[in-house]
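Undergrad: Starting from the known structure of chain A, fit chain B onto it as the hints suggest.
Below are the chains, spelled out letter by letter.
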Amino acid sequence: MSFFIASSPHHHLRRSTADLMRLVLIAMIPGVLAQWYFFGWGVILQLILAIGVALAAEAVCLLARNREPSSGLRDYTAVVTAALLAVSIPPLAPWWVIVIGTLFSIVIVKHLFGGVGHNIFNPAMAGYVLLLVSFPVQMTSWLPPATIAQELPGFWDSVRVLLFGFTGDGYSLEQIRRVDTGAMLDAVVMATPLDHIKTELAQGYTLSEAKSAIIFQGAAGTGWQWVNLAYLAGGLYLLKQRVITWHIPGALLGSLGLLALIGAVFAPDSLPNVDIHLLSGATMLAAFFIATDPVSAATSTRGKLVYAALIGLLIYVIRTWGGYPDAVAFAVLLANLCVPVIDQYTRPTVYGHHEERR
Amino acid sequence: MSAVQKYSGNDADIRLWSFPGGIHPPERKAPANQAPIQRLALADEFIIPLRQHIGALSEVQVAVGDHVLKGDLLSAPGIEHGLPVHAPTSGEIIEIGEFPLNHPSGLSGPGIRLRSDHLDSWGERKPLADYQQHNHLEVLEHLQHMGIAGLGGAGFPTARKVASAQGIDCLIINGAECEPYIAADDRLMREHADEIVRGSLILQWLTHAKSILIAIEDNKPEAIAAMRNALAQANENTLATQASELALKVVVIPTKYPSGGERQLTQILTGKQVPANGLPADIGILMHNTGTAWAVCRAIDHGEPLLERVVTLTGEAIRRPCTAWVPLGTPVQHLLEQVDFQPEAQQRVIIGGPMMGFTLPHLQVPVIKTTNCVLAPTRKELPPAGPEMPCIRCGACADVCPASLLPQQLYWLANANDYDGLKAHHLADCIECGACAYVCPSEIPLVQYYRQAKAEMREQAIEHHKAEIARQRFEARQARLEREKQERLERHAQAAKAREEALAARKQQPQASDDGAPRTPAKPDANTDPVASAVARAKARKAEREAARAESKESPAESATEAAPPEDPKKAAVAAAIARAKARKAAKQKDEDS
Chain A
1 MSFFIASSPH HHLRRSTADL MRLVLIAMIP GVLAQWYFFG WGVILQLILA
51 IGVALAAEAV CLLARNREPS SGLRDYTAVV TAALLAVSIP PLAPWWVIVI
101 GTLFSIVIVK HLFGGVGHNI FNPAMAGYVL LLVSFPVQMT SWLPPATIAQ
151 ELPGFWDSVR VLLFGFTGDG YSLEQIRRVD TGAMLDAVVM ATPLDHIKTE
201 LAQGYTLSEA KSAIIFQGAA GTGWQWVNLA YLAGGLYLLK QRVITWHIPG
251 ALLGSLGLLA LIGAVFAPDS LPNVDIHLLS GATMLAAFFI ATDPVSAATS
301 TRGKLVYAAL IGLLIYVIRT WGGYPDAVAF AVLLANLCVP VIDQYTRPTV
351 YGHHEERR
Chain B
1001 MSAVQKYSGN DADIRLWSFP GGIHPPERKA PANQAPIQRL ALADEFIIPL
1051 RQHIGALSEV QVAVGDHVLK GDLLSAPGIE HGLPVHAPTS GEIIEIGEFP
1101 LNHPSGLSGP GIRLRSDHLD SWGERKPLAD YQQHNHLEVL EHLQHMGIAG
1151 LGGAGFPTAR KVASAQGIDC LIINGAECEP YIAADDRLMR EHADEIVRGS
1201 LILQWLTHAK SILIAIEDNK PEAIAAMRNA LAQANENTLA TQASELALKV
1251 VVIPTKYPSG GERQLTQILT GKQVPANGLP ADIGILMHNT GTAWAVCRAI
1301 DHGEPLLERV VTLTGEAIRR PCTAWVPLGT PVQHLLEQVD FQPEAQQRVI
1351 IGGPMMGFTL PHLQVPVIKT TNCVLAPTRK ELPPAGPEMP CIRCGACADV
1401 CPASLLPQQL YWLANANDYD GLKAHHLADC IECGACAYVC PSEIPLVQYY
1451 RQAKAEMREQ AIEHHKAEIA RQRFEARQAR LEREKQERLE RHAQAAKARE
1501 EALAARKQQP QASDDGAPRT PAKPDANTDP VASAVARAKA RKAEREAARA
1551 ESKESPAESA TEAAPPEDPK KAAVAAAIAR AKARKAAKQK DEDS
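Just so you know, the sequences run in chain order A and B. Its first residue numbered 1, the first sequence is counted upward by one per residue in our numbering. Its first residue numbered 1001, the second sequence is counted upward by one per residue in our numbering.
Derived from the structure by calculation, the hints contain no laboratory data. Watch out, some of these pointers could steer you wrong.
Said to hold, decoys possible - Simulated restraints, written as ranges between beta carbons of each label pair: (1) B/N1235 - A/D19: 43 to 53 Å; (2) B/Q1364 - A/R302: 29 to 39 Å; (3) A/G204 - B/D1418: 49 to 59 Å; (4) B/H1362 - A/R302: 43 to 53 Å.
Since the structure is predicted, the reported quantities are computational estimates derived from the model, not experimental observations. All C-beta atoms, glycine included, are put in the ideal place defined by N, C-alpha and C.
Bound conformation, chain A alone (with noise of 0.2 Å):
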């Protein structure tokens, strides 16, 4: 009889693409049930939106390009790219623009690139760019959080205000998105904490008159915080189940840290604190599960290390110098263009090459 032939190793690890994709999307749970909880329905729909589209998309770019559509499908990558986007737009942003987003992560970033594992770029956050710098208006319309809203809109509210950008009621999204101050007759429109420091230190305003604002109930903005907080917890998990390393999240949470450190000893009225740099913005989203995308990031560890902290420096510099609020995606793509540099000067020396090198 014959029998099987095969190439060692015969013995394999069971955990495929689509195991870690699933553990990726399972750590993102706690921080989307924040979201829900502080600004709403929003943030569920567009995951489904986007989901039903990357799914859609994925599937005609793999038949476009003579490929089965099926195990492209199963690996689940394209559900992550468009949970990450979905996350970080704001919940209640026109239907179209999540649309355009994922169809530009997955169609334009990913496949036009050559599919899974080569490209260049992260998709959710060079979609979100896209749609930042089209879409300004749009892109910026966050709602407040919850606690200070003064009403938040039910589940098909929701679903109205996203597909025809008004409530059952007739209030508009900038309607909805004004908070009572109760320090002034009108209620206003209220920013995200990192816009409203970035904005009131501009105007010649210091770090604590800026933090007397309504959303800095807590540390570094309420609701914001607590989503972070339920981030940074799904990343523990993912560490916990090796999906990923410490060197990313460490080095970008410790730069960015670090320079916030920095800037609040030498200047703690005119730079934001070390609390609302790591609390604040999309910092832990970032750090553990948009830095963490392998195909974009530098491979090796110590690779890694500079990576990540490169996205904290660029993090830091767009938020305190740049034109926009927070600056997670801008520094993603940016550490994305040096991979290839950074991956060819940190190679590790090779077994029996210590001498060769220096």
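TA: Same frame as chain A, now just chain B:
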């Protein structure tokens, strides 16, 4: 599966290092390691490949029909350190020919078929009692004649390995046995610790090593205990006979694949790395497998050639897994029949472990010196690789690579056939341990890609070598042609000079003709002067020949016609003129060239 009891407790003065990467696949040493090493029924027929190891082929010393006894020489040791082969049991030589090899290639090779008489009677054995009374060369020669080769990895002839190692500080006896399933060394250490220690001391004596470290992974507590006992006894005895400062230690190392790799174990025990293109001997280390030490002891103390080894027979398709003493040359078919092998559809039979072993296409191959395991897993136990998915650059492979390579980079380069890139990323330092492919979430058969790329690079190197030789040959030929051309031109120059002299001499005679062929002797009617025409013909012919030789490689036919002797002096004169013109052209050409 119950957790394997781990053993710790090294001496305080032993410091362990670590190597980067590594994996922890399920060990699955049980159930094969549970029972003592068995003796299975002797096979009816044995196939003894003449080439079992690195080294030149040895010459057959028996003929078909010869009756041989166990341990008799079947082939002489080769000139270039080839090892002899011996009869694994007594019986009759029934065939000398080509047989399938126990090799990943599945190729055939020369071998000897022996029919057992089931008496298993020994031939003459010549122990080297009191080996210390002999000089090293005699002992090494004895080991060579006993066919001792490394039982761990590549089957390198032991005597050659020992002889080529100079300035050895530390002898490492490798009992790590890090690959899952394999329990041959484990059982051997449990049951034959004394002989392993004795063999280690012989190797130490041969190498002048100052210390012996016996490294065992902590998942083999019984083997560790047995070796410690044997060492304690040996220490008492050897202190009297050998250098008293000799350090003899069992070192327990953490279980991690591939800690049993020569380079990895060196790093664990010494913290030093073997230079990339070097050997452990370059940093004062010599490593032998426990089985090799055992074989050395048997060869010296009992005069037994290497005739049998411990083979692990395991995997769920084998109903009675065990370790067994297997005479070399036993067909795998026979072995599996003894342990109730129940093959399923698409059964794999693996020689070696699940990480580095290779599959057999059929079972008609013999057990050889390096066969430490026959693994017959079910599909459930070791599922075959799934479809290959795209690389997501996750870097898990780089994290586990014990050589600190960048496997995914190598994979891209191998796919692109970028051999220079592969060289720059040190593909040659890949030990093919399989850790990268084991963890790859996309199930990319990385090792297979590397093997292929390595083979292609080897091929390319051979091609390059051939091309280099061809180039040298071509350049040598060009130089020769150039030299010949120079000589020719010199001859022309001399001829021209002679001609001028002749002309000058003729000018003094008033009847000089100017018929356009000054070299032709000046006679009013050449036809009437046979001597002159003959001289002209001869001269012309010589010029023709010169010209023809220069032209011959371009058109031999043309030169043949040109070389035909001219019929009359006029023709000869014309031909001579052509030849001169050609010579001038060649000279001009040469001037231009230079």
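Undergrad: All hints are to be evaluated individually against the structure, with a verdict given for each.
TA: How the hints compare with the structure:
no.: 1; hint: B/N1235 - A/D19: 43 to 53 Å; verdict: holds, 52 Å
no.: 2; hint: B/Q1364 - A/R302: 29 to 39 Å; verdict: violated, 51 Å
no.: 3; hint: A/G204 - B/D1418: 49 to 59 Å; verdict: holds, 57 Å
no.: 4; hint: B/H1362 - A/R302: 43 to 53 Å; verdict: holds, 48 Å
Against the hints set out earlier in the document, a violation occurs for number 2 only.
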